[in-house]
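> Here is how the chains run, residue by residue.
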Amino acid sequence: MAGRRPIKVKVNGIEYEGYVEPRKLLVDFLREDLELIGTHTGCEHGVCGACTVLFNGKSVRSCLMFAVQADGADIMTIEGLSDGKTLHPIQEAFREHHGLQCGYCTPGMLLTSYELLQENPAPTEDEVKTAVSGVLCRCTGYKQIVDSVMAAADAMRK
Amino acid sequence: MSDREKERWVGKRYKRKEDLRLLVGRGKFVDDIKLPNTKHAAIIRSPYPHAWIKAIDTSEAEKLPGVRGVLTGRDVAEMSSPFAVGVPIPPKYYSCAVDKVRFVGEPVAVVVADTRYIAEDALDLIKVDYELLPVVMDIEEAAEPGSPVLHENIGSNIYSHRVMKYGDPDRAFKEADLVVRGKFHFPKYGSTPIETYAVIASYNPFSEEFVVYNNYQGPFVNHSIVALALGVPENKMRWIVPADIGGGFGTKTGMYPYIALISLAAKKTGMTVKWIEDRREHLLASASGTDRVTYMEAALKKDGAILALKDKAMDNTGGYIRPPEPGCAYRSTGNHTGAYNIANLDREIMVVATNKSLTAPNRGYTCQELYFSVERLVDMAAAALDMDPAEIRFKNFIQADQFPFTTATGGIYDSGNYQKAFQMALDTIDYKKWRAEQLKAREQGRYIGIGMATIVDPSVTNISYVTVALPPELRARSHPKSGSGESVTIKMDPLGKVHVIACTNPQGQGHDTVISQIVADELDIHPEDVTISDIVDTHDRIYTITTGSYSSRFASVGVNAVVDATRKLKQKILQIGAKLLAVDPGEVELKGGKIRVKASPERTIAVKHVAGTAHWNQSALPEGMDAGLFASTLLSMPTSQPPDEQDRVDSSNTYGFCCEAIVLEIDPDTCEIKFHKWASVHDSGVILNPMIVEGQVMGSIAHGLGGSLLEEFAYDENGQCLTASFQDYLCPTAMDVPDIDIGHVQTPSPYTALGSKGAGEASCESVPAALGNAIADALAPLGVTINELPLTPNKIWHLVQEAKAKKEQAGHEA
Amino acid sequence: MKPCAFEYLAPGSVPEVMDLLQQYGDQAKILAGGQSLVPIMNFRLARPEVLIDINGLKELAYIREEADELVIGALTRERELELAPLVRLKCPLLPEAISHIGHPTIRNRGTIGGSLAHGDPSAEIPIAIYALDGTIRTLGPDGESAFKPEEFFLTYLTTCLEPSQIVMEVTVPVLPDGTGWSFVELSRRSGDFAIVAVATVLFMDDNGACTEARICMGGVASTPVRAKAAEDILSGQILSDALVAEAGRLAVEATDPESDYHASADYRRAMTEILVRKALRRAWEKTRGGK
Amino acid sequence: MRLEGKYKFDASQERVWEVLTNPRHLEKAIPGCERLQESEPNKYDALLKVGIAAVKGTFTGKFEVADPDPPQQYRLVGEGSGSSGFVKGEATIHLTAANEQTLVDYHGEMQIGGLIAGVGQRMLGGIAKMMLNQFFKRMGNELKSSK
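First to last, the sequence lines map onto chains C, W, Z and S. Take the first sequence: its letter number 151 is residue 1303 in my numbering, and every next letter is one higher. Take the second sequence: its letter number 588 is residue 598 in my numbering, and every next letter is one higher. Take the third sequence: its letter number 220 is residue 716 in my numbering, and every next letter is one higher. Take the fourth sequence: its letter number 146 is residue 1575 in my numbering, and every next letter is one higher.
Just chain C, same shape as in the assembly:
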């Protein structure tokens, strides 16, 4: 049996140190070891996107990475999107346009949108659809999600 390995990781600006079994998925490490339960597990095979986090600034499926791989990494989860006082413009737009219902896919949607808007501050509706098509939502039918991201793009450009 493979032994536990030390890792040091920065999540939402805070340094954590811990020991993990190599097979522990990053999503389980975030949820169980760091108690950052905002990141959700939906399929554990990389399709649904609920577990999406930003890994060194890029979106990744945290169910398709092992926690050991995060040693030295800088991670942002849903808990790190707002400044702790006011909603981030993307969060505000999702609220304004009803871009969420049950809220389970929402962390993945928000972080995927965040990455999109970093790379492409003025996306077309089709570009938004393409970007968020990697995250499954069973509640909204996506229209209000797309509206939300478009509105967030507007707000963030201002």
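I should point out that these hints are in silico values taken from the structure, not numbers from a laboratory. Worth double-checking, as some hints may not be accurate.
[Claimed, not checked] To give a feel for the contact side, a few chain C residues facing chain W, derived at Cβ under 7 Å:
| id | residue |
| --- | --- |
| 1 | His1197 |
| 2 | Cys1200 |
| 3 | Glu1231 |
| 4 | Ser1234 |
| 5 | Asp1235 |
| 6 | Thr1238 |
| 7 | Gln1270 |
| 8 | Cys1291 |
| 9 | Thr1292 |
Beta carbons: idealized from backbone N, C-alpha and C, even for Gly.
We have chain C already, so just place chains W, Z and S on it with the hints.
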């Protein structure tokens, strides 16, 4: 009153309260709950669809470090009894296979270990010896004598069988100018919420009490059923559902066997046991909608009037049948003739067993199955009569002045204006223009299709409908059942702020927000001054057997309860205020945070003062009034009555209307579908929050679209499920849902306090029919028959090839 | 769905990787982007005893232009290739193909070397590299080797890589100006595995004749396959609609598709013809200055 | 899943029959076969380690050469199971002489179940066919090397 109107919160796009936790990662889902000393369960499942379990060897698994115990079917049989179900001969359905497995994915044993990882390691060490049996996968074959029998105690694969006649269908068919017939096959698909099933169970052997955190959609009937199966009184089976459920859609009403199973694992191991269903488990063995074979006939007059329907439907609930099934076959009883004034119906129902996974209500609960047949048949009738499919619908609609309208089957349609809504949909897509376009396109070899469906969407089931599964004479032997109750408690704190305690158990429908809007209107306060706790806790919530979020109950009965409780509270406030103002209660009104004397508005007292008095100076209250300031209600819908002797029942309590009008084009080469126009018009009564209703409508469209074009629990002929991952079970993505024009007609329901009714399921019921009709219409020149779903490009291409080959052959022969 | 236990090794250099592969043989798997490997580990279909994580080998992530070739390190992420201006300019077929892989988040991790080593017959990168006549450079205990795609892909998920070898880099010739190219794909949903995917490259002479045509198809056999007969009838010809149609027909002969739940073999064959035509038309358009 | 195909061997029908039904050769030709033991005449217990890329599975199973009618026809009946699922099948194998060669055609049914069927349906058909081809190819080698 213009000021007053401006201040109304109901009807506004009021932003959701729920979002302030869900957007920032502070939602509370079952998997987020950490209890001390929690161990983790993994379930070993049958790879075979039908087999005897000859032996299970768990010894190696039990030796693995970190494993705390193993529960097998033998334990389950010793510690519990089969789940009760309302069919004449119930199968022996336990939470785990005991001596036989009947579908791939059926639980066979549970391992409890320190981590889920170790529990799964242990599964590899369990050896199960199976003796394989022949399988039956086809619905019609399953009902034939001589096919492999799943349940020896039943002796056949037929769980439920009824023949019912409403009106005089035989005569109607004799008098018909024309009879059209069709056979339809509706697939097995499910809503696959992104949050899977989740259970955390513990058992105290000293108090003999279970406490189970879960994400079930209410206590509903299944709380009683699980308690009964585990042999504990209901008050010792405490269920707690936290504030957030990651989507339900009916699928999560299928999780209660796991509540039982994990409770038993907790009891056997003495540990608190957590089980989070993984996606593969979910796709193999959670719950789907029912796949159905329908033979349907319509008796018509030359002018298009539908005199009668004959419907033989065969539903497949898979390896077992469990409550609320056989609801699948009976849920639509009251609205079985849809949006049409059809006086006669001949119904035969069969619910059968096959070696497929099990079913549960799935958003729309078999109305999609029903309307796929009805609405395809209406289009076929129009074609046979050379009528426009829109025209035949107008011809047969129940008229706006006929409401409330009692259907042949006992449904009491509360309100509607079907003509107006349907016309709106046709106008939105520019129907005439697209018919002309279609003709031109056909000349160019392009396949443009226009499809429509007009349906009645039932909400708030009356629990009594399930008893239609029993013939009247058997039904008479047991206690009658009826009702659709919902409870709300509202309280005002000493400073006049309001807290609402509900048990509607939402899964994203925004009940907190709408409750706060309603309460704000009733008490003339701001929604921000209302907080809500809407969870299930069978110990500290008031509920009935019907409580939960399913069958779009909230906007009807849920709202009735909110309004009723709030008005009771308001009465108390007025009474106290009147006493403090030394006038009669009839002389005061509540406005702007003050009680004022109507005749002399300068005489006021602040609500906050009234609230303070109720809490701080109880002796000042009107005589006989309870101390504090709260009101409770638990009410049902008045139309929720048991079935009559003719099997007529108002199976739901409010009935919305929905129609789709779709213009699409099929690529003649690849058979991919492109949408040109899509209008979806809804009448769900008075709209409480347009933003939320729009979200519900879009969501239900996406589910309808998924089931029609993408999603299916596919099995091979040997009983293997081929779609046990999200790589093969295909949910719609943001790129698969086209732009849709949503329209509303609002005919208030006379049976609900604010005129509202359910809005979340309608398009699930209409979209499969409308898409089927649109695709059939597109391919009509080829003579392609569309009678099944999902219509994948691969399937459409094969249908086109067959039709072309047939035409060619006919050409050769001619 | 949790993976089995494994030993995790994160070597700091290529020689270390070589040593570890020698030591563990086929008990070990290389972990690159993990977007194909980790799902099957979570399902417990794959149970490697040792994972050799090469994500720390930054020296394997590069995109360079050398002579008339693009040289791409095996650990280069798909998303980087998709967005790299150099690649978009010199070899636009590759980013176009990559844009069909899963979703941006998957492409953020997935690597070009990983995709090639995985050898999925429906995967976009192998199809594109084959159409581009790229070269796959590997390193093993016996030193470096170079493979052409037709040698590299053997059958379903199987390449000629030995357990002790790794993909080091890929080279693809820069496409000369005026070269036609295209990548078209048919799948159930965007991001899904291709039912059929076709990549084409058309080299033209100054007179507008096609000097060489390459048509590579995925999803229709146990490896990506080239439609040689179809390529041959185009080479040396002034293109015409009739020739393109004929090429589509001939391309089907090179396929040997299987049926699965999503698409029958017949449908795949029919779609091969349609997609090859579509892809050729698109490439042809580009030779005429179209976008 | 239907199995159907033909394979041509450069050997006489008797030779081909001998090799095809001989456990020593079967052990070498069956892809991934680690061990093959005759449990009773014409019945064998087998241990297979089948691997396609990272997907590796150990299967234990048994098969039988049933109704042998040398040198023309027999039925191959087999089943195996492992952590990644199970395989079960039956095929009729028919041998005919064609000049100096022997034509073997087979047709039968195979069931694949469990984990691999549920999450790997996309490539199962192709991989099954590929493994069959591998089997016949190796049998061809066995024929050559045992001459």
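> Hint check: is the beta carbon of threonine 1292 of chain C less than 7 Å from a beta carbon of chain W?
holds, 6 Å
> Does histidine 1197 of chain C meet its interface restraint, that is, does its C-beta lie within less than 7 Å of any C-beta in chain W?
Since the shortest Cβ distance to chain W is 6 Å, the answer is holds.
> Tell me if the interface restraint on aspartate 1235 of chain C is satisfied: Cβ within less than 7 Å of some Cβ in chain W.
Violated, about 11 Å.
> Hint check: is the beta carbon of serine 1234 of chain C less than 7 Å from a beta carbon of chain W?
Given a least distance of 6 Å, the restraint on serine 1234 of chain C holds.
> So, cysteine 1291 of chain C near chain W? Judge it on the closest CB pair being under 7 Å.
Cβ of cysteine 1291 of chain C sits 5 Å from chain W, so the hint holds.
> Against chain W, is threonine 1238 of chain C within 7 Å by beta-carbon distance?
Violated, because the Cβ-Cβ distance from threonine 1238 of chain C to chain W comes to roughly 11 Å (cut-off 7 Å).
> Would the hint on glutamate 1231 of chain C stand, with a C-beta cut-off of 7 Å toward chain W?
Cβ of glutamate 1231 of chain C sits 4 Å from chain W, so the hint holds.
> Does glutamine 1270 of chain C hold up as a contact with chain W if the rule is Cβ-Cβ below 7 Å?
Violated. Min distance 18 Å.
> Would the hint on cysteine 1200 of chain C be counted as holding, given a Cβ-Cβ threshold of 7 Å to chain W?
Holds. Min distance 6 Å.
Checked against the numbered hints above, the structure violates hints 5, 6 and 7; every other hint is satisfied.
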